[in-house]
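Undergrad: Below are the chains, spelled out letter by letter.
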Amino acid sequence: MALLEVSEIHTYYGNIHALKGVSFEVDSGEIIALIGANGAGKTTTLRTISGLMEPREGAVIYEGEDISSTRADLLVAKGISMVPEGRGVFAKLTVEENLDMGAYVRRDGDIKDDLKNAYSLFPRLEERKKQFAGTLSGGEQQMLAIARALMSKPRLLLLDEPSMGLAPVLVDGVFETVQRIASEGVTILLVEQNAHMALQIADRGYVLQSGEVAISDTAANLQQNETVQKTYLGID
Amino acid sequence: MDLLRSQTAKTILLLGSLSGAFILFTGAVGMIAAFHEREVVDRFISLGQLLLIIAPFVTGYYAAGKLRALGEDSPVLLIGGITIGIMTAAPSVILLLFNSDEFRFLLDLTLRLIPFAAASIFAWRLHRAGSETQMAIAVWLVVAVLVGIVTFSFALIFEIKGDLRSVLVNINREWVDVVTFDNRKDLARGIGAFSLISVVAGFAGSILYLMPNLPRRALIYGLGVTVLVGAFGETVRLILQENIDRDTLKEIFRRDTLRQNAALALFIISTVAGFLWAMFGRQARESFHSINVSQRRSLNIIGLVIFVVFMLALPWLIGRTLSDVAVTIGIFVLMGLGLNIAIGLAGLLDLGYVTNYAVGAYILAVLTSIGPLGLFKGTFTFWMVIPLALLAAMFAGFIFAVPVLRMRGDYLAIATLGFGEIIGKLAISDWLKPLIGGAQGVQAIPKPILLGAELKNPEQLYYIVLVASLVCLFVSIRLNNSRTGRQWMAIREDEDVATAMGIDTARAKLLAFTLSAATGGVAGAIFAAKVGTVFPNSFTVFISINVLSLIIVGGIASNPGIVVGAIVLIGMPELLREFSEFRFLLYGALLILMMIKRPQGLIPSKIVTHEVRTGVKPKLAGAE
Ligand SMILES: Nc1ncnc2c1ncn2[C@@H]1O[C@H](COP(=O)(O)OP(=O)(O)O)[C@@H](O)[C@H]1O
Ligand SMILES: [Mg+2]
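Chains as they are written, first to last, in this note's numbering: chain H, 1 to 236; chain Z, 1 to 624.
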């Protein structure tokens, strides 16, 4: 059984029909890449899965349960954690307070180990733990956003364009981190415009076009696919 | 021409015009005349006259600093001070001339000349900018006619009514008396005195700037203390009268005014004290910082003990009248702490806070009154009703929060503003009249009784407010550092991300509104018991604005800031009755000044300081 099954969802912004029957599956332990041009509906898909939006038709099934109309805050407790587009760190809280906030839903009390974990994954954050998050560089903020999402101990991590706005040197680092997180058993749904990098670390991928899934295949095949090469990888 | 364009000249002219505009404006709104009623030093100077002196003095001082920063020499600084003195007096002098019988023609002349002058300037600039002559002439005609119509109507009004007062009601005899330093009969002398004093003040301001550091700081301190004590003479006398004997008091004050000798003595003493502080203050602070942690902690504890003893002894130290003011301040501190939960912690801009205040007051009134509208005629006591008032206000807060949960930022503010108005209208309505008395309100509310004694004096009510504020302060501090506090913080920063953290934003916002309302209810109940009657017109939008302003002035999300804000915005107008007439003018001026010079408030909280320093924009719940 798939960890997450998105089936035929239609999501609207008022009258704007943003998702027109999107379907895909994510199995436990996989890294799935969702690629597509600006405005294709990638963010909307993540918002629908994470409960910030409700699909008008279709269903989102997580661990066998229909979560289409479950509130976002409850889904965090169920193990779905999202790193929003543009990072969304709490600029006026310190790094450590941001991480604390990530563990907000957990009631098991002891987050010391998880903090230690986060810091071992991102040593730079430990050096800056008393610093206000707003004063971090773009790359560090991205690390913080990811580390914060991990604090809720998710089983499914939704990443919305983690490489956006980062210098090329930093982009490599971000994708390495994503791989490391996956190797620790967290399933990852990765939304990217940077298809090249995303497909290198993903197991499978889906190409979204104007609110519909246009192509779906293994990452290796997608990298060879002519349309994908032309449109998203910039290879002629 | 070049001289006039230099940065130096621009600085002087700009500051001088500002100072002149300030004096003209405060005169035209009647503030100078009103402040003249209060003498600062007996038979020497009034608060209104002080205003005339302070403006050029402070501007001269400030300008000297600016000019020095431009690299100017001392003589230029002094000339700047003199120029500012002249410019401060000039607009008011012109108005004085216009207002006098001899020079009335000047006003006529000016009014007639204005259209020509304005039109000529326009046309000339156009011509210089390269437009054709016909065009310039056409513009000249249009502007002359348009401006002519306006000024002609003014002239007509003046001619019919015969003086300026028909338009500027406050440019009257009292105003003339103040600005001419009591030379209304001899205008030349009056204008001379006014101008001379203004020039001397501007000059003195720049001299003060040029003084060496030590005497300058000592003088600023001495002048500041003397002026403050003089202006708040009534308050100081009330405090002293509780603590020193009558004869000594008579030596210092004549009624509410500082005697000349006393003022001089005070000035000398505070200047010397200021001098000593300027010399040794730094040393004292350094030695405080160099002592070890445990010693510092014990010093802190001693400080805390002194503070607590002071707060407990306050009513005895300040007497009845001032205790009454203290109770009013306390009521607003309570409301400030409450509203701060919504605004400061959760970032929800609530402009209808008066709702909770009204609910608390009316609940107490109806349940405890022994008058015709009292439901139980004394069965319920103050102490039983306080928790009920709290719960009722919380309930009201909850009910009003439900419909606005999905609103953000400005929309939320407008909606809550509306709710506040609805409550006011309900209180005065015929519909609820059988219950709460409509415009007549509820009377005969008994005072609280504690251990058989009636707490009828403000000195006693003070303790109720004090305890309530301390409880509220404690809860507020605890909330801020709790899981709930963190929820609010997250919502304030970014509602969507807060949701992504697993925070139930709807519930958190409801909780913020509900808790925030609680102290408003208690404040209302205490207010009702203090006054003994409850009228609808005590519950206007101005209460909400007062509370909001005191939070902003004190410092958003800062508990000490709220106390200071309440003292400044609520206490000052009560102590200086001349102020209260211009309360909202001063609020406006103060808020603008704060936004420009100190947006984080008088005693800012850590986070807000950071916001201001780093330019991260302060943001109210997800305002997009
Ligand atoms: N808040 C919104 N209101 C209206 N339309 C929106 C909104 N957000 C996104 N859309 C529309 O939905 C479509 C999908 O957008 P989005 O999911 O953000 O795309 P992507 O993340 O792939 O760039 C676009 O056509 C966009 O214009
Ligand atoms: Mg997007």
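Check before you lean on any hint, since a few could be wrong.
Straight-line C-alpha distance at most 35 Å; calculated DSBU-like pairs for lysine-lysine [claimed, not checked]:
1. Z:Lys447 with H:Lys129
2. H:Lys130 with Z:Lys597
3. H:Lys130 with H:Lys153
4. H:Lys112 with H:Lys130
5. Z:Lys606 with H:Lys130
6. H:Lys129 with Z:Lys250
No lab work stands behind these hints: they were computed from the structure.
Fair warning: this is a prediction, and the values are worked out from it, not measured in the lab.
Undergrad: It remains to establish, for every hint, whether it holds in the given structure.
TA: Cross-check of the supplied hints:
no. : hint                   : in the structure
1   : Z:Lys447 with H:Lys129 : 54 Å, violated
2   : H:Lys130 with Z:Lys597 : 28 Å, holds
3   : H:Lys130 with H:Lys153 : 23 Å, holds
4   : H:Lys112 with H:Lys130 : 16 Å, holds
5   : Z:Lys606 with H:Lys130 : 13 Å, holds
6   : H:Lys129 with Z:Lys250 : 62 Å, violated
Consistency with the previously given hints fails for numbers 1 and 6, ordered from lowest to highest.
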